[in-house]
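Trainee: Here are the chains, one letter per residue:
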Amino acid sequence: MSASPTRGTGKYSVFAIAREAMRLHTGWKRAWASPEPKKKYKVVIVGAGGHGLATAYYLGKNHGITDVAIIEKGWLGGGNTGRNTTIIRSNYLQDASAAIFDKSLKLYEDLSQDLNYNIMFSPRGLLMLAQTEHEVRGYKRTVYANQLQNVATEWVTPERIKEMLPIINIDGPRYPVLGGLYQARGGTARHDAVAWGYARACSAMGMDIIQTCEVKGVETANGQVRAVNTTKGRIECDKLAMIVAGNSSVLAEMAGFRLPIESVALQALVSEPIKPCCDLVIMANTVHGYLSQSDKGEMVIGGGTDGFNNYSQRGSWHHIEETVRALVETFPMLSRLKMLRQWGGIVDMTGDRSPILSTTPVGNIFVNCGWGTGGFKAIPGSGWAMAELVANGTPGPLAAEFGLNRFREGRFIDESVAAGVAH
Amino acid sequence: MLTLTCPYCGIRAEETELAPGGEAHLKRFGPGASDEDFEGYLFARKNPRGVHFERWRHAYGCGKWFLAARDTVTLEVYGTYRAQTPFPTPEIVAAIQARHPDWTPDFDATSPTPTSTPEGLIQ
Numbered sequence: 001m002s003a004s005p006t007r008g009t010g011k012y013s014v015f016a017i018a019r020e021a022m023r024l025h026t027g028w029k030r031a032w033a034s035p036e037p038k039k040k041y042k043v044v045i046v047g048a049g050g051h052g053l054a055t056a057y058y059l060g061k062n063h064g065i066t067d068v069a070i071i072e073k074g075w076l077g078g079g080n081t082g083r084n085t086t087i088i089r090s091n092y093l094q095d096a097s098a099a100i101f102d103k104s105l106k107l108y109e110d111l112s113q114d115l116n117y118n119i120m121f122s123p124r125g126l127l128m129l130a131q132t133e134h135e136v137r138g139y140k141r142t143v144y145a146n147q148l149q150n151v152a153t154e155w156v157t158p159e160r161i162k163e164m165l166p167i168i169n170i171d172g173p174r175y176p177v178l179g180g181l182y183q184a185r186g187g188t189a190r191h192d193a194v195a196w197g198y199a200r201a202c203s204a205m206g207m208d209i210i211q212t213c214e215v216k217g218v219e220t221a222n223g224q225v226r227a228v229n230t231t232k233g234r235i236e237c238d239k240l241a242m243i244v245a246g247n248s249s250v251l252a253e254m255a256g257f258r259l260p261i262e263s264v265a266l267q268a269l270v271s272e273p274i275k276p277c278c279d280l281v282i283m284a285n286t287v288h289g290y291l292s293q294s295d296k297g298e299m300v301i302g303g304g305t306d307g308f309n310n311y312s313q314r315g316s317w318h319h320i321e322e323t324v325r326a327l328v329e330t331f332p333m334l335s336r337l338k339m340l341r342q343w344g345g346i347v348d349m350t351g352d353r354s355p356i357l358s359t360t361p362v363g364n365i366f367v368n369c370g371w372g373t374g375g376f377k378a379i380p381g382s383g384w385a386m387a388e389l390v391a392n393g394t395p396g397p398l399a400a401e402f403g404l405n406r407f408r409e410g411r412f413i414d415e416s417v418a419a420g421v422a423h
Numbered sequence: 001m002l003t004l005t006c007p008y009c010g011i012r013a014e015e016t017e018l019a020p021g022g023e024a025h026l027k028r029f030g031p032g033a034s035d036e037d038f039e040g041y042l043f044a045r046k047n048p049r050g051v052h053f054e055r056w057r058h059a060y061g062c063g064k065w066f067l068a069a070r071d072t073v074t075l076e077v078y079g080t081y082r083a084q085t086p087f088p089t090p091e092i093v094a095a096i097q098a099r100h101p102d103w104t105p106d107f108d109a110t111s112p113t114p115t116s117t118p119e120g121l122i123q
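Protein chains in written order, with our numbering: chain V, 1 to 423; chain Y, 1 to 123.
Careful: at least some of the hints might be erroneous.
[What the hints assert, rightly or not] Keeping only pairs whose Cα atoms sit at most 25 Å apart, straight-line, the calculated SDA-like set for lysine to any residue is:
{"no.": "1", "chain 1": "V", "residue 1": "Lys140", "chain 2": "V", "residue 2": "Pro166"}
{"no.": "2", "chain 1": "V", "residue 1": "Lys73", "chain 2": "Y", "residue 2": "Pro48"}
{"no.": "3", "chain 1": "Y", "residue 1": "Lys46", "chain 2": "V", "residue 2": "Arg226"}
{"no.": "4", "chain 1": "Y", "residue 1": "Lys27", "chain 2": "V", "residue 2": "Phe407"}
{"no.": "5", "chain 1": "Y", "residue 1": "Lys64", "chain 2": "V", "residue 2": "Lys140"}
{"no.": "6", "chain 1": "Y", "residue 1": "Lys46", "chain 2": "V", "residue 2": "Pro361"}
{"no.": "7", "chain 1": "V", "residue 1": "Lys40", "chain 2": "V", "residue 2": "Gly363"}
{"no.": "8", "chain 1": "Y", "residue 1": "Lys46", "chain 2": "V", "residue 2": "Gly351"}
{"no.": "9", "chain 1": "Y", "residue 1": "Lys46", "chain 2": "V", "residue 2": "Gly410"}
{"no.": "10", "chain 1": "Y", "residue 1": "Lys46", "chain 2": "V", "residue 2": "Ala227"}
Quick caveat, the hints were computed from the structure, so don't treat them as lab data.
Could you build the full structure based on these sequences and the hints that come with them?
Mentor: Below is the structure:
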């Protein structure tokens with residue numbers, strides 16, 4: 001089967017826009033179908049967020065497996081895929097992280113062409129501010145590590161930062177800017193479009209995307225997965241991939257095992273739209289604040305996580321207050337902005353702040369979770385590595401280090417120490 | 001904002017005054033335990049969608065650790081109790097069952113358990 005993402009909808013192009021303009025846009029087809037589930041699939045993927053859809057896409061494209069259902073309890077891309085701050089970067093410290101995140105960034109660079117769907121990837125440059133002496137040392141170390149990993153990053157001085165970003169106040173006093181880790185290839189993309197583009201391509205390959213279909217139980221026999229019981233009936237499968245972020249522990253319990261995951265709320269907020277003033281993505285990790293300006297002109301601000309288990313998709317007020325208070329010192333102009341919206345997502349945190357792509361104690365059940373606060377940037381790379389794992393039953397080079405066995409073996413990929421914060 | 005009553009000093013503390021400490025009532029496994037048990041104790045967590053028993057510290061108050069029963073979906077608090085309590089108390093179980101009649105404890109509160117009142121502990 002061909003992996004053409006345009007079957008069923010026609011190719012999107014400037015000519016298609018001109019043609020549709022002539023007939024008052026009556027000819028656009030639905031980008032993906034909404035079928036009822038079949039009785040059996042070769043692979044069932046739980047979770048139609050970015051990671052689930054990307055896994056399905058690369059299963060079809062790289063491994064020729066298209067007998068796939070992607071089932072979703074809510075709506076497509078309505079979880080963390082639609083709730084993040086859309087930051088894309090690959091400047092990680094550990095080799096295993098750099099490999100999978102840089103694979104992801106490289107796939108993002110060509111993703112609009114690959115999917116024939118404009119994901120509005122904007123490699124505008126990403127700057128992580130060092131605001132303590134510890135961060136200066138930590139980020140310099142990351143720059144050196146990145147050079148060994150063939151990930152282009154550089155250390156920039158406060159003066160250069162002020163040139164790049166005139167709205168910044170580098171003088172402190174409480175959080176002076178002492179320098180920064182700059183990745184020119186980093187940036188943002190339109191988060192919904194990533195999910196929609198993958199969904200259209202999966203649907204074109206003949207995969208079934210089944211929304212508002214909640215998994216209620218996982219059926220196993222002799223240590224192997226048999227089927228999932230859902231609100232739309234029983235669906236048999238040869239292989240099951242659980243890619244459900246904050247709900248991973250709930251699904252794992254249905255299958256009879258536990259994960260080293262805790263679910264907590266992470267929040268973001270956007271301001272009223274203003275004229276272009278910030279053409280970089282800024283991460284201020286000491287104060288847990290992330291800032292970028294959307295194409296609509298809104299300042300998109302991400303904050304820190306709550307410390308306690310939470311499934312409510314609402315976070316604590318004081319975290320917003322802390323984030324905004326700290327950012328206002330570094331970006332005084334923010335103090336005059338009204339905030340329009342605030343929302344929360346439930347992120348799946350592992351102890352070492354690195355993801356899990358792994359086989360499980362149950363045969364033919366695979367998990368992809370633990371991306372915590374930094375999953376959006378990883379969507380294509382995660383899908384690529386997960387498809388390899390599901391298709392072959394064993395992880396490929398990208399996923400090998402991220403198995404569940406690393407906890408028993410004490411072989412952590414410790415990005416919490418490396419970055420000092422959530423990602 | 002989340003508010004918990006500290007069972008030691010009786011203060012109704014809001015969350016900026018408290019430090020969360022993760023799942024409560026973990027069974028410790030140490031030297032001599034199997035790798036599987038030790039891994040489970042260190043890393044595996046229930047992380048339930050619903051009733052959760054957890055540790056908190058009244059960090060900017062009396063400084064003591066205590067336990068709380070809380071719902072991770074509605075954020076409702078069913079009650080707090082002292083850290084030396086080996087299982088959630090009958091009052092806590094009753095409070096949970098008043099809200100969720102189908103909920104049954106996954107622990108056996110009648111079984112003998114080691115008490116955790118070493119000498120010198122300030123009660």
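Trainee: The structure should be examined with respect to each hint, and the outcome stated for every one.
Mentor: Right, here's what the structure says about each hint:
no.: 1; hint: V/Lys140 <-> V/Pro166; verdict: holds, 23 Å
no.: 2; hint: V/Lys73 <-> Y/Pro48; verdict: holds, 18 Å
no.: 3; hint: Y/Lys46 <-> V/Arg226; verdict: holds, 24 Å
no.: 4; hint: Y/Lys27 <-> V/Phe407; verdict: holds, 18 Å
no.: 5; hint: Y/Lys64 <-> V/Lys140; verdict: violated, 39 Å
no.: 6; hint: Y/Lys46 <-> V/Pro361; verdict: holds, 16 Å
no.: 7; hint: V/Lys40 <-> V/Gly363; verdict: holds, 17 Å
no.: 8; hint: Y/Lys46 <-> V/Gly351; verdict: holds, 14 Å
no.: 9; hint: Y/Lys46 <-> V/Gly410; verdict: holds, 20 Å
no.: 10; hint: Y/Lys46 <-> V/Ala227; verdict: holds, 23 Å
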